[in-house]
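Take these sequences, add in the hints, and give me the full structure.
4 protein chains.
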Amino acid sequence: MCGVTGIFNHPKAANLAYLMLFAIQHRGQEGAGIVSSDGKNLFLKKGVGKVGNIFEEKEIKHFLCGNAAIGHNRYSTIGHSCLENVQPIEIKHLQDQIAVCHNGNLVNAHLLRKELENHGNIFKTTVDTEIILHLIIRSSKETFLEKLIEALGKIQGAYSILILTKEKLIAVRDPLGVKPLCLGRLNGAYVLASESCAFDLIGAKYQREIEPGEILVINKKGIKSYFLPHCQYKCQKKAQCIFEYIYFARPDSIIFGIPADSIRKQLGRELAKENLTTADLVCAVPDSSNAHAIGFSQESGIPFDQIFIRNHYIGRTFIEPEQRIRNFGVKLKLNPVPSCKGKRIIVIDDSIVRGTTSEKIVRMLFSKGAKEVHYRVASPPIKFPCYFGIDTHKGELIAKQLSLEKIRKKIGATTLSYLSLQGMYQAVEKFSLSAKDFCDSCFTGKYPMPIPKAIDKFCLEK
Amino acid sequence: MCGVTGIFNHPKAANLAYLMLFAIQHRGQEGAGIVSSDGKNLFLKKGVGKVGNIFEEKEIKHFLCGNAAIGHNRYSTIGHSCLENVQPIEIKHLQDQIAVCHNGNLVNAHLLRKELENHGNIFKTTVDTEIILHLIIRSSKETFLEKLIEALGKIQGAYSILILTKEKLIAVRDPLGVKPLCLGRLNGAYVLASESCAFDLIGAKYQREIEPGEILVINKKGIKSYFLPHCQYKCQKKAQCIFEYIYFARPDSIIFGIPADSIRKQLGRELAKENLTTADLVCAVPDSSNAHAIGFSQESGIPFDQIFIRNHYIGRTFIEPEQRIRNFGVKLKLNPVPSCKGKRIIVIDDSIVRGTTSEKIVRMLFSKGAKEVHYRVASPPIKFPCYFGIDTHKGELIAKQLSLEKIRKKIGATTLSYLSLQGMYQAVEKFSLSAKDFCDSCFTGKYPMPIPKAIDKFCLEK
Amino acid sequence: MCGVTGIFNHPKAANLAYLMLFAIQHRGQEGAGIVSSDGKNLFLKKGVGKVGNIFEEKEIKHFLCGNAAIGHNRYSTIGHSCLENVQPIEIKHLQDQIAVCHNGNLVNAHLLRKELENHGNIFKTTVDTEIILHLIIRSSKETFLEKLIEALGKIQGAYSILILTKEKLIAVRDPLGVKPLCLGRLNGAYVLASESCAFDLIGAKYQREIEPGEILVINKKGIKSYFLPHCQYKCQKKAQCIFEYIYFARPDSIIFGIPADSIRKQLGRELAKENLTTADLVCAVPDSSNAHAIGFSQESGIPFDQIFIRNHYIGRTFIEPEQRIRNFGVKLKLNPVPSCKGKRIIVIDDSIVRGTTSEKIVRMLFSKGAKEVHYRVASPPIKFPCYFGIDTHKGELIAKQLSLEKIRKKIGATTLSYLSLQGMYQAVEKFSLSAKDFCDSCFTGKYPMPIPKAIDKFCLEK
Amino acid sequence: MCGVTGIFNHPKAANLAYLMLFAIQHRGQEGAGIVSSDGKNLFLKKGVGKVGNIFEEKEIKHFLCGNAAIGHNRYSTIGHSCLENVQPIEIKHLQDQIAVCHNGNLVNAHLLRKELENHGNIFKTTVDTEIILHLIIRSSKETFLEKLIEALGKIQGAYSILILTKEKLIAVRDPLGVKPLCLGRLNGAYVLASESCAFDLIGAKYQREIEPGEILVINKKGIKSYFLPHCQYKCQKKAQCIFEYIYFARPDSIIFGIPADSIRKQLGRELAKENLTTADLVCAVPDSSNAHAIGFSQESGIPFDQIFIRNHYIGRTFIEPEQRIRNFGVKLKLNPVPSCKGKRIIVIDDSIVRGTTSEKIVRMLFSKGAKEVHYRVASPPIKFPCYFGIDTHKGELIAKQLSLEKIRKKIGATTLSYLSLQGMYQAVEKFSLSAKDFCDSCFTGKYPMPIPKAIDKFCLEK
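Residue numbers (full-length UniProt numbering), protein chains in the order written: chain A, 1 to 462; chain B, 1 to 462; chain C, 1 to 462; chain D, 1 to 462.
Just so you know, these hints were derived from the structure itself, not from any lab. Not one of these hints is a red herring.
Since copy identity is lost for identical chains, a pair holds within one copy or between any two.
Dumping the calculated DSS-like pairs for lysine-lysine here, alpha-carbon to alpha-carbon at most 30 Å:
no.: 1; residue 1: LYS436; residue 2: LYS383
no.: 2; residue 1: LYS410; residue 2: LYS205
no.: 3; residue 1: LYS92; residue 2: LYS124
no.: 4; residue 1: LYS58; residue 2: LYS333
Set out below in structure tokens:
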């Protein structure tokens, strides 16, 4: 996934970029970085781990100076999790300083890199973001904007990019609009973020989604919008990631124009229409499936209950008693309440990727005395890998490998069913969105652009 | 609050004590400690902060040896938060080694300490737990059990104590049974914990609550139960802390014999019976009020919805933008979904202590466009300080200072109402519990024992 | 060894105590602590490791308040190296606060502790210093000074003690004056330290050694000297530790009234008189034997040279290549210069305890091509354990186990000789000191007081 | 300065590179790094600070794999002290991996970098070492050796370079041989280091200095020597840094073929011949001037004594009492023995750069009661900046700004004199070295190559 944040024309730019990163921490916890600009210099600080552990107050106040800043939360889809690969990536080149960060994946990154290396360029990271910088620097065009447009013309994939130079902040969304990126205002300042919940935290007002193919240039004079040449009359076709609605985004975010939790509740309602069964209660796999479960309960009339209690103190450094004790990881996080004993329970899950958590969830319920466990999934079976920013490798997708009945047996549920593709689109159409504006390749295998061979997570390191 | 855990006769004693501490981390996050025994020596490790940050795998495996262990999560009610004051407190005395930890508060601690110091005893901490050790050591009785009973005869207050010596583990609950303490089995081992959710994590089976006034002695020969002299024929009267049901305990724990979440849902139902209003939806102040809100929704028929989204990445080290920005702390943790706009909302809160969070909750909803905010509290107004382990100082109790209407104005709600004392007891009586077996002094000011003057949090340090 | 520092009546008391601890860091590197007093409260900070790693500027400035302070560098002779055992040891008792630290060893500590425990006292550490506090607290005398004198009357051994209460600083030296302790002035302030080099660092002026059996009480009114009852007319006999001159003290310190480096050079001269041989050059085992070697060179006329080069970057965390590579530890610290090739070398060592370093020194010289290595030791053979603060266990003393010739063979030297006891005393008598005022029990086995059985390093932990 | 180490064909390559870095830690303490090769991949670990604090045992054993390694100690002459600028610098480029580190300074680095950036290359650091990598990558030559020679043909300055690729280790010394670099053997392995003392630590045998202009290629087949084209018939003229003898190198190292301490003692002897005076004793500013002082004493017959005692516990984190207390820094490290009172003292210093330490040294002696302090410097006055790796900025050189008499007054010495340039060369000629083979530009201003304008420490960052 990854998350990006940006701000222009605010005296506490780095601090607000930091707060916004904090709000979208769920989009990536492997590393984070902020670059600020005071008009004369860029200042960079990045680190491995979570936002709250990387930045110190003094640094934010005294080192990350200036009225503009961009920030990034890293979730590793390309390249190893080392400090070098944490974004933003910043370079000094002649008189210029440029920093860039992005959410998404370039599908032709390995081809472009090889070409650039053959021309004598040296890369300092293994993340695809760096390629954009090399393409800009090597461009023979005159202005920075022209160089950028030439560079963007060469890259293919999903990208929501923020670029910071000494004097300007630029936001770009790819022509298909795969990943979200939205614009807001905070008094006189412009703010940008992958999700609108970042604006809520700092009291900024959500304005709109950046358009697919749009290039937004913000500087002292104000804001100006451009479009990539082939998107000049706006893109006919979009390929927005449907999984942002199903799982990625925080429920309190407005994504592609619609609040995520509204879509989720509707997905739960559609699921109830398609897959009803008799039961005593409906519960969610917390916390990502809460909205789906509430929708299901409202549609079906079966009471919603909170069955799984979360332990909020999970940290990185946990010592398990013995490796052979199975399911320990989930037990630390979740525990069913005693009152589930003797009950017929419908469990709502947003999706199933590998199925390991589902198996533990079902087992925990039965071991606490549940009578029946009906597993309901608020999205279709995931059968195909994603090349645009989600880490799903073929071998791990349970629905690619097993039939519905075999999945049910494996996870141990009394019954199992998924939402249909049609049901999923009925949910989004309820909000006047069009099915054809979404990428559903993880369910259907129909990719919105050609995928070059030999692409995988570490392809830039080979 | 504080939490205690204990285990006897298990080869991974310290590791399981550690896991159980982790499960009841919500009872205290200021420090934690474990003492183990291998029959010949006691081994102690303690630290400041949360369980997951204090213990390292190597220490647990190689240093905290033996088949028995006790552990403690500290929530500071008495004494400063320094390492010395973290429990268990362990002493070496002649041939003996004794470790002790407890949940609760001794109301005559300052008097006993002064007396002991006048006799030439030196204290190493400012926590009341240490007094018990001095009383045992100074006792002229013959056996350890006799010494312990003599010591317990001198202390007054609420205490659920675990004591570990080289050969035995002893559990004691005060004659009024103020604080919970339960017994479980894990194959051949006995386990003890403040809450039964600790047993779930390690796969142990809940057996029963320790009785008020009971002294349970576990050694190689087995388990044996004694009672404090004045409790020999079981105590007539109990004073169990009702607040364990309302707020303290995890909803998945069995407390005083009944699952906490069942009581909570019933409190929500009683609240709905007493305080209904027209509204579009019911929501909870997460996560502690979820069960109350679900009960309210079920009783009233008004749909339950998840309005507040929690940020799960809150850490200790957070940098706020400016101190004058109000409400920042809560905004970091909670954000309402956009769909609350235009809605009439019933917010369920388990209780109000100082009212500062309630105020922020209401303000957040209105700033997101809520039409009406009806604040409903699933317990009576808290008007009196607690001397048995909860940190409520008179000056801070909003219901002590303001009338209902003034509280409503201060928090900014459309309407405000509390559950009545009668309603609260109807909820517990639904589960065959008797109102007279509870301490409700925080609501009524009727304390179950005389409270000596000049008792406060730091009284042992003066 | 251990080192103590104290200061009274200076606005930067804790900072100066810290600096003085730093100057005498060589006396103990296992832990350090400082207690300060602002007249109303004592403030304590201690830690494991070296002074420079334990204290932070903020703590010294803002936490360790007041005009008086005492500090301690720990070298573990009694008790384990855990934080609890780091001195000063501080207690709160009724209205009083008392902190104490000492350099030395109490030989009847285990007997006194058992007695106190039988009376119902509980100890919080395993260091003998704590016993003094219990004895003071239990004394039935009226004034603090009377209580202290009663307590001191019960302890036996070597002790240079500093005590800090809210209003006064007290310094005590045992009746035999085994360990050093000196008094200085810094403008209006009184300073105390184990060695005078601590005064140089802070610009204080050396005044005098505290007398054996003297009790110095410093408070707002000034300084007052008392003597232990049996020392009232000054002690006839002293038992000053001769090893302070040979090895312990820094050469720039005045010890027992005489600069240590002057005595050392004289020891080297006596060694040259007794044990001359033909050679090309004289060198020292750096840095502790430099002065002895210079004295030897001056007396003998054989040129002094610097053969061993020290690596100043040795830290705690060093990774050796393989455990079987012998002598690695010393090679990291010392390396001979290439020009020692073909030379006949006299190596001067201050003393030999276990002989392992000597062996490595000789081997390094021969492996660099030295022709002859004549090992000369500037003190007599160490054959007996020390019970007063030095960590020499019988089994490890090479001179107790092997003859001179066998030692020579083991360390591989061409020739080996020690300074005689007579030669050693001729050196100190040169400075008008009397041989009978020294403890030489490590060479002779003649202890200045009876030693109870069963005393060893961990005797208080059994 | 900086220091480099390398090793080829040893199963513990990284560990030995680490140990050698430790031995030459004095050449740079701002950062260190190691790159190892297992024939298929390079592995890099670097950090800020000292060697002992950067590397952990596990990393060295399990991560820094392979039979070959190079290491670097950083002393910042070019670029800021951030992690990015720590060497070795390692790149991945197409199928290749190359790591490089060097000791020295390129005087045309800023010009080359600008040229490369104009060609579209992006730099990841601000250290001049990186330029060499870009020049190699951009070379159109066929083989790696040809590319390297082309790259070296473009750079000017002082450089002792180590390069590691997957299969080979290459060592290069600039045509003038400004900085040292020597070759050794450890059984079947080749080792390289800036100073031979690194070989002593690991038990390797010193073989020879790398020749000026020599390129040594070590791979599985063995070792092969090449020369830079303009050095094919060996360089006529060398410009070896005389300051390596005076101050930089450890005295136990063989530098440019001669043990450093032998030269130093001879410098002291020449100083005694030129600048004798009547005195009671000769002492050194420890530890760097010890050998010079011993030479002076031997030539003059005035006894050598150890006057300054060093505190070996100086760490980074030291808290000074107040900033206005002058001279504190030196007092922490050095303290004169009390016996210097009333003495006429000759102090030998290897060199004077800014004069601040000299001033403190003289003041300390007088404040301890010295009668006369005769300051003698074992090298000529430093009047010109060094562009080849020493951090001497014009403004700071006291001898550039003040006359001899004014310097004497400033430092407060009774008399002051320097060794003459002639005397310095007589010392080296004693060892059959030729005066014309040395760079003495810091004394004479005669640089061995033209120096481009605008060169300074941060020139690559502008």
